[in-house]
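A.B. asks: Let's have the full structure, built from the sequences with the hints guiding it.
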Amino acid sequence: MIEYAVFFFFAAVAVIFALMVVLHRNPVVGALALVASFFALAVMYVLLEAPFLAALQVIVYAGAIMVLFLFVIMLLNLQKQSEEPTRPLQQFLGYAGSAAFGIGLVYYLSKYAVMELPAGPFIADARTVGIRLFEAYIFPFEMVSILLLAAIVGALLLSGVRMEERT
Amino acid sequence: MNPWMHYLVWPLVKFLVAFIIVQGIVAAMNWVERRLLGFVQARLGPNRVGPKGLLQIIADPVKFLLKEDIVPANAETIAYFLGPILPLIPTFLVYCLIPFGPPPTFVAARVNVAVLLVLALTSTGVYGIILGGWASNNKYSLMGGLRSAAQMVSYEVPFGLSIVGVLMLSGSLDLVKIVNYQADHIWNLFPQLIAAFIFFVAMTAETNRTPFDLPEADSELVGGYHTEYSAMKFAFFMLAEYSAMLVNCCLMTLLFLGGWTLAIGGYGLTTQTLQHMGIPGGMLGVLIFIVKVMTFMLVYIWFRATFPRFRFDQLMDLGWKWMIPLALANIVVTGVVVLLGQSLNFQGEVVLSIAGAAIVGYTLYNLRPRAKVVHASRVSEV
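Protein chains in written order, with our numbering: chain V, 3 to 169; chain B, 95 to 476.
Rather than coming from a laboratory, the hints here were simulated on the basis of the structure. Some hints could be false.
Some chain V residues close to chain B (C-beta under 8 Å, calculated; not the full set) [claimed, not checked]: (1) F54; (2) V69; (3) A126; (4) D127; (5) A128; (6) V131.
With beta-carbon atoms standing in for the labels, derived distance ranges [to be verified]: (7) B:P419 x V:L160: 52 to 62 Å; (8) V:G156 x B:P419: 16 to 26 Å; (9) V:L158 x B:L138: 24 to 34 Å; (10) B:L434 x V:I154: 29 to 39 Å; (11) V:V62 x B:I453: 27 to 37 Å; (12) B:K415 x V:M145: 20 to 30 Å; (13) B:V426 x V:L158: 19 to 29 Å; (14) V:V8 x B:K233: 38 to 48 Å; (15) B:V454 x V:V15: 43 to 53 Å; (16) B:D407 x V:V24: 47 to 57 Å; (17) B:N231 x V:V8: 32 to 42 Å; (18) B:F440 x V:R134: 25 to 35 Å; (19) B:G132 x V:F9: 53 to 63 Å.
Every residue, glycine too, gets a C-beta built ideally from N, C-alpha and C.
C.D. replies: Have a look at this one:
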């Protein structure tokens, strides 16, 4: 019973803050709302009896990535964003695309979503996650690492080019 | 037992007791720090209020409570108020997870991924500093917040990586199991010497303490992120900083110095021995734990008294070019030795301890006092 109360409270928190990320004008507030949403998501993992994933969620997203986001937002001083909409067609396409995606998501979720949990105990501790990650999902894991490497090389290239122009 | 008592009331009571004791220690640390700094710098420090200045512990909060609370005219109001309060929540929550003595009496909540949860909570403490710096609408404050963000992100990496070796040796993320492992074998300080060093440096950087206090560098940024804060809000920042220091010292003690035990190879005051002794044994364990933690708090103050502040590029160099590669190398070496030890049946800890001792010996040998000829070009460089 108490699980339901906790679930619905934090589900509401997650949804409200996620909406705030999209709708709020101030990017700093948006970033902070995203952090709050991540915390609510971490509570979901705890409710699913996966505290390992909850801790990882907070460490990786709230503790590292969002700090960098905030850093960049503050560095660029993007505090007040209230520009006039200049491209009505693109704006309309954006709204239409998002709406289509949202409707499709709801449709497929209601059609194919798992309504019953699979039988057997649900284990998501460090050992199980590690073994799955390095046995069953080793290929996607390595692909992600290559993707990140490409991003690092790209960043180096971009900053390197600027250095050459300056000198 | 009634599940409500077991899962809610008792942990809350334990948490409150730990919380009150910890806050007492934090308040006292302020006085200890100022007296010790005075001692190191050949002056007196606060010695007027009460015997040896001890009542300063009460006088300071009273002053903070009575001072005028100023909000800058162009501050972002909500963020400005959230700034000092946000970092308090995670640093206080951490005390639920830290075992102060032998289980089950002295642990409020024993979680099987306690190390990760503690890391997660401490890593979110930086938001208060960033928010406070940004919301003050002051260039110096913003610079302080930005520096803090960059420093945190850089030092979070070696901080986390240095723990991995400990986890590989003990094979668990549970703080209690890690402590028991150390009592049965040897303090992780010896086989994980480099990791312990990296951990201590990174945790000094995480709490913005000298020599890593760039976010509040008074000589460059007035007061950094807390320039615009006065009265209780400023006190909250200080409270969060000292609480975080204490949490980190507790982690250091649990991960590298055997927590509440005083045993080697299973002989001495292990958890079982202390549990057999009942309540006095538990108290003894807590005492041992507090002595170890306080030693590290004193090292923090010693650092502050003796080290000059790093420059920002030196800070980044130390983090990214020295500590992260060192931590990664430590992980590889530890992993190889542990695996070899399992398959060839020898004690990996012994090998790692000997290797660590050799490295320290070599470093000390290189640092031995020698009659130096200082070249003229070196002097002009300085």
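A.B. asks: For each hint, tell me whether it holds in the structure or not.
C.D. replies: Structure-based check of each hint:
1. The interface hint given for F54 of chain V holds, since its Cβ lies 5 Å from the closest Cβ of chain B, which is under the 8 Å cut-off.
2. At its closest, the beta carbon of V69 of chain V sits 5 Å from a beta carbon of chain B; the interface hint therefore holds under the 8 Å criterion.
3. The criterion of a C-beta within 8 Å of any C-beta in chain B is not met by A126 of chain V, whose closest approach is roughly 10 Å, and the hint is violated.
4. For D127 of chain V, the interface hint holds, since its Cβ comes within 8 Å of a Cβ in chain B; the closest pair sits about 7 Å apart.
5. Evaluation of the A128 of chain V hint against chain B yields a held restraint, the C-beta minimum of about 6 Å falling below 8 Å.
6. The beta carbon of V131 of chain V comes no nearer than 11 Å to any beta carbon in chain B, farther than 8 Å, and the hint placing it at the interface is violated.
7. Checked against the given bound of 52 to 62 Å, the beta carbons of P419 of chain B and L160 of chain V, roughly 24 Å apart, lie outside it.
8. A C-beta distance of roughly 22 Å is found between G156 of chain V and P419 of chain B, which places it inside the suggested range of 16 to 26 Å.
9. Between L158 of chain V and L138 of chain B, the C-beta spacing of about 53 Å breaks the proposed range 24 to 34 Å.
10. Range check, L434 of chain B to I154 of chain V: Cβ separation about 32 Å, and the 29 to 39 Å hint holds.
11. One distance hint, 27 to 37 Å for the beta-carbon pair V62 of chain V and I453 of chain B, holds here, with the actual separation near 32 Å.
12. For the pair K415 of chain B and M145 of chain V, the beta carbons lie near 28 Å from each other, so the given range of 20 to 30 Å is met.
13. Between V426 of chain B and L158 of chain V the C-beta distance comes to about 24 Å, which sits within the given range of 19 to 29 Å.
14. Separation of V8 of chain V from K233 of chain B is about 43 Å and conforms to the stated range, judged on CB atoms against 38 to 48 Å.
15. For V454 of chain B and V15 of chain V, the Cβ-Cβ distance of about 50 Å falls inside the hinted range of 43 to 53 Å, so the restraint holds.
16. Between D407 of chain B and V24 of chain V the Cβ separation comes to about 38 Å, which falls outside the hinted range of 47 to 57 Å.
17. The hint said 32 to 42 Å for the Cβ distance between N231 of chain B and V8 of chain V, and at roughly 38 Å that hint holds.
18. Here the CB-CB span from F440 of chain B to R134 of chain V is close to 31 Å, well matched to the stated 25 to 35 Å.
19. A C-beta distance of roughly 54 Å is found between G132 of chain B and F9 of chain V, which places it inside the suggested range of 53 to 63 Å.
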